[in-house]
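Undergrad: Input sequences plus hints: build the corresponding full structure.
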Amino acid sequence: MSATPSTPATPAPKTNVAGLTVLDYRGGKSTLCAGCGHNAISERIIDAAFEMGVQPEQLVKLSGIGCSSKSPAYFVNRAHGFNAVHGRMPSVATGVALANHKVMLLGVSGDGDTASIGVGQFVHLMRRNLPLIYIIEDNGVYGLTKGQFSATADLGSKLKTGVINDLPPIDTCALAIQLGATFVARSFSGDKRQLLTLLKAAIAHKGTVMIDVISPCVTFNDHEGSTKSYKYLKDHDEPVQEVGFVPSFESIDIDYDPGTTATVAMHDGSSLRLRKLDRDYDATDKVNALKTMAESHASGEVLTGVLYVNTKAPSFIDLLNVADQPLGQLPESMVRPPKSVLDECMAELQ
Amino acid sequence: MATIDVGIQERAAQSSSSGRNVNDFSIQVATVNGSGSQSANSVLLRSIFQMGVPVSGKNLFPSNIAGLPTWYTIRACKHGYIARKKEIDFLVAMNPETAQEDVMHLLPGAVCVYDEPLNLSGLRQDVTFYPVPYDKLVGPVCPEAKLRKLVKNMIYVGVVDWILSIDLNETEKAVTKQFGKKKKAAELNIAAVRAGFDYARATFTKQDPYFIEAMNENQGKIIIDGNAAAAMGCMFAGVTVVTWYPITPSTSLIESLTEYLKEYRIGPDGKATFAVVQAEDELAAIGMVLGAGWAGARSMTSTSGPGISLMGEFVGLGYYAELPGVIFDVQRVGPSTGLPTRTAQGDILACAFLSHGDTKHIMLLPSSVKECFTMAIEAFDLAEKFQTPVFVMSDLDLGMNNWASDTFPYPEKPINRGKVLSAEDLQRLGGFARYKDVDGDGIPYRTLPGTNHPAAAYFTRGSGHNEKAQYSERADDYVHNMERLAKKFETARKAVPPAVLEIDNKSRVGVIAYGTSHWAVSESSDQLAHDYGVRIDYLRLRAYPFGPEVHEFIRNHDRVYVVEQNRDGQMHELLKLDVSPEQVTKLRRVLHFNGLPIDARSVTDEIISQEGK
Chain U
1 MSATPSTPAT PAPKTNVAGL TVLDYRGGKS TLCAGCGHNA ISERIIDAAF
51 EMGVQPEQLV KLSGIGCSSK SPAYFVNRAH GFNAVHGRMP SVATGVALAN
101 HKVMLLGVSG DGDTASIGVG QFVHLMRRNL PLIYIIEDNG VYGLTKGQFS
151 ATADLGSKLK TGVINDLPPI DTCALAIQLG ATFVARSFSG DKRQLLTLLK
201 AAIAHKGTVM IDVISPCVTF NDHEGSTKSY KYLKDHDEPV QEVGFVPSFE
251 SIDIDYDPGT TATVAMHDGS SLRLRKLDRD YDATDKVNAL KTMAESHASG
301 EVLTGVLYVN TKAPSFIDLL NVADQPLGQL PESMVRPPKS VLDECMAELQ
Chain P
1001 MATIDVGIQE RAAQSSSSGR NVNDFSIQVA TVNGSGSQSA NSVLLRSIFQ
1051 MGVPVSGKNL FPSNIAGLPT WYTIRACKHG YIARKKEIDF LVAMNPETAQ
1101 EDVMHLLPGA VCVYDEPLNL SGLRQDVTFY PVPYDKLVGP VCPEAKLRKL
1151 VKNMIYVGVV DWILSIDLNE TEKAVTKQFG KKKKAAELNI AAVRAGFDYA
1201 RATFTKQDPY FIEAMNENQG KIIIDGNAAA AMGCMFAGVT VVTWYPITPS
1251 TSLIESLTEY LKEYRIGPDG KATFAVVQAE DELAAIGMVL GAGWAGARSM
1301 TSTSGPGISL MGEFVGLGYY AELPGVIFDV QRVGPSTGLP TRTAQGDILA
1351 CAFLSHGDTK HIMLLPSSVK ECFTMAIEAF DLAEKFQTPV FVMSDLDLGM
1401 NNWASDTFPY PEKPINRGKV LSAEDLQRLG GFARYKDVDG DGIPYRTLPG
1451 TNHPAAAYFT RGSGHNEKAQ YSERADDYVH NMERLAKKFE TARKAVPPAV
1501 LEIDNKSRVG VIAYGTSHWA VSESSDQLAH DYGVRIDYLR LRAYPFGPEV
1551 HEFIRNHDRV YVVEQNRDGQ MHELLKLDVS PEQVTKLRRV LHFNGLPIDA
1601 RSVTDEIISQ EGK
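First to last, the sequence lines map onto chains U and P. Mapping the first sequence onto the working numbering, position 329 (from 1) lands on 329, and the numbers just tick up by one. So the mapping is simple: the working numbering equals the position in the second sequence, first residue as 1, plus 1000.
Any given hint could turn out to be false.
[Unchecked claim] Below, in silico cross-link-like pairs of lysine-lysine (DSSO-like), each with a Cα-Cα straight-line distance of 27 Å or less:
{"hint": "1", "chain 1": "U", "residue 1": "Lys312", "chain 2": "P", "residue 2": "Lys1271"}
{"hint": "2", "chain 1": "P", "residue 1": "Lys1613", "chain 2": "P", "residue 2": "Lys1488"}
{"hint": "3", "chain 1": "U", "residue 1": "Lys102", "chain 2": "P", "residue 2": "Lys1184"}
{"hint": "4", "chain 1": "P", "residue 1": "Lys1488", "chain 2": "U", "residue 2": "Lys339"}
{"hint": "5", "chain 1": "U", "residue 1": "Lys160", "chain 2": "U", "residue 2": "Lys231"}
{"hint": "6", "chain 1": "U", "residue 1": "Lys312", "chain 2": "U", "residue 2": "Lys286"}
{"hint": "7", "chain 1": "U", "residue 1": "Lys102", "chain 2": "P", "residue 2": "Lys1576"}
{"hint": "8", "chain 1": "P", "residue 1": "Lys1262", "chain 2": "U", "residue 2": "Lys339"}
{"hint": "9", "chain 1": "P", "residue 1": "Lys1488", "chain 2": "P", "residue 2": "Lys1468"}
{"hint": "10", "chain 1": "P", "residue 1": "Lys1586", "chain 2": "U", "residue 2": "Lys339"}
{"hint": "11", "chain 1": "P", "residue 1": "Lys1468", "chain 2": "P", "residue 2": "Lys1413"}
{"hint": "12", "chain 1": "P", "residue 1": "Lys1184", "chain 2": "U", "residue 2": "Lys29"}
{"hint": "13", "chain 1": "P", "residue 1": "Lys1271", "chain 2": "U", "residue 2": "Lys339"}
{"hint": "14", "chain 1": "P", "residue 1": "Lys1494", "chain 2": "P", "residue 2": "Lys1613"}
{"hint": "15", "chain 1": "U", "residue 1": "Lys102", "chain 2": "P", "residue 2": "Lys1360"}
Worth flagging that the hints you see were computed from the coordinates, not collected in a lab.
TA: Structure (structure tokens):
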């Protein structure tokens, strides 16, 4: 290319480590309500995938049914997507991982999709520690069917119609920690910085990442008396630590005080930095995590941040001891034994 | 297997109790579930098999681990009939609870070997009794008291060997085979067989007409159950992802498959070329199958009726989103508790149309262990070729019982992965539309996740999409897609295994059957000809959708009896939906649904009754 000094200098779009621009991660136009927390989450997913240099074709987006589960159509169009049946995304994701453990799985679910109809598959997904990022876009309410309580709605929370929820909520994070997920976090769709950092760390983790993102429903659950409204979260959001993340490809290290900041070495060489705030929260201590969360239920605080992390546990794929090449791509020579094997089998049965 | 040239006089002679009956009778062993009789019965079956006599064995067992009555019937038949025979000629009565009733059901001239304390001899004058004091005999051969309950069973094998002239050497070989590497167990059991044989020889005088004499009908044959045969087929089909939830009678299919895969599908690096996952339920099992199929694996699950019901929603998604996967349905009787260990062909309609909305599915219908093997392989090719869930409709009789068979053929054709576009294909084509009918056969092209091309991705969802897999609720997009799916199903008519004209007498009376009903129909055809002079033509279905040969068969006959093992004539209904209105009235039902495998006499009697003879 010859130099053309007369052309005005337009800055080249910023590229990531994969040589892609943020536009390469865009999705379709959202059909969710304006102001829906889910749209903010889609934007953070795009940012995180871009900043981490995720190859879009190596990402697989999965979801169940509900407003939340529509959102995979609104980010990273260059990734394959799968809209499963209600509450059953975990099994489809598991199947995909079995067929191809090289792709990165990102599942998006909702509180109804996860904690009610899908609770069976959810708990079994958590206990397998399948490598995948599972995001609950949690608004405590069924949106597509117009405003019924879900199983994560807090006790005493009020519907627009005035109905009070009189059943205790399922704490999906506590469930996930207890059952074996190895990266469990809670965040708020309105906290851009924390959510983005968590998502980047999630991408670096090998094993099941479960992030419950409180994501207010502007249409059915954002009113006075709701415990999943923007206002309620702003008043009650209580980060357990300040979350920082240094990806593996960024050589520049920032100073930190080991006395106040714990560093977790991630699988891919990245570092997760957890800086102490008011409380002394050890995110690697499962029992402490569950105890602290139980206490927060009584105090009405919404604890956010990395609630539990364990980078040592083997993933489901490790346990299966499968071939390095994805099972779905193995050639015939590796999956169809030769005739001598059939002859041997036949001889044994004669 | 049908041998039409058997003389009528010969048959008459055999049914008479006065003459010798060589190689044409049934043995029933009545025991208590959990008493360890299964090994003894397998040894008895194998001994007769090794003597070259056509033989079949059926285990009629309760849903129970230990304590309830169970029966094992062995049929030796020189004519090659291997369907269940209703009448019992030779009873081994080991179960005090059912012994009296079992004896009362015997035909005149039958034999009963029984445990001496049961004191059955007085019950019938027209039955030959052989009392055996098992407790006295078992002590000397089995010093270990807790094993005696199991070893006792091998004693009756020795007794039966002597009475029927079964070659003791063959039985010893069968015991050795049965216990494999467990040498001590084999020795103990051989001693028990000999104890029974010696006791019988020293004590009894042969008073009955039944004999097993060596034949040469089993040269090169194997013995295997349908579930193990299907498992082997899956392995040679190149299955890579297996997900399941335990359920009788399909469990042993996955257990066999896991054994085969561990033996033959570990690479030189020690890594598995497969994954077997026990899911939390059948909903998850089928979800995993479809997720894996979507991502390029050859995936399967195996279940029975209740599991099929649970899989309904997902299978519908598989149909609409066009996801490959193989589902074995080892059919059994109805829901919940009751008769889960009894056989049926009761899921035909459920599987043909499983799910909501307009759905229809490919079903393969194996009738033999050999077809369990070959159709397993075909099922995976069809699932990927047609990008849709494919059912293999086995049943408990086929899946869990031992059948003699010719050896299985090694697959001739290479694995067919269907229309999958690679990154290179996309580079050449510039892109693709996931649900577009490019080739005019209704089958679109797909890409797999992880394909490194910017145009590879698409979004998979249920019914609402256009050709480019974009979300659409437009009426024309929906109709267009539905019509293409219907066209794809029409394409399948000629791609699935065609029906086989098993018997061609150029008759006006036709019979249609499928699966395990085949064996009863083959035998019934001879009964109809010999006993009633009724000659039939017989077409055996091997798949749904039906090929043109099925329509032609119905067109060419005045009456067509559809024989099956369910109450509502499910295949009959499916045929009615497929043929033209004037053909519908030709179709008649012959049904058998008592939980036991269908027998020839029931078929013959029903056809004769409907024929008005």
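Undergrad: Does each hint fit the structure? Answer for all of them.
TA: Tested hints:
1. U:Lys312 <-> P:Lys1271: 21 Å, holds
2. P:Lys1613 <-> P:Lys1488: Violated, because 45 Å separates the two Cα atoms, which is more than 27 Å.
3. U:Lys102 <-> P:Lys1184: Given pair Lys102 (chain U), Lys1184 (chain P) is violated - Cα atoms ~49 Å apart, limit 27 Å.
4. P:Lys1488 <-> U:Lys339: 33 Å, violated
5. U:Lys160 <-> U:Lys231: 15 Å, holds
6. U:Lys312 <-> U:Lys286: 13 Å, holds
7. U:Lys102 <-> P:Lys1576: 48 Å, violated
8. P:Lys1262 <-> U:Lys339: 17 Å, holds
9. P:Lys1488 <-> P:Lys1468: This hinted pair holds, its Cα atoms lying about 18 Å apart.
10. P:Lys1586 <-> U:Lys339: 46 Å, violated
11. P:Lys1468 <-> P:Lys1413: Outside the cut-off at roughly 32 Å; violated.
12. P:Lys1184 <-> U:Lys29: 72 Å, violated
13. P:Lys1271 <-> U:Lys339: Holds, at about 21 Å.
14. P:Lys1494 <-> P:Lys1613: 38 Å, violated
15. U:Lys102 <-> P:Lys1360: 34 Å, violated
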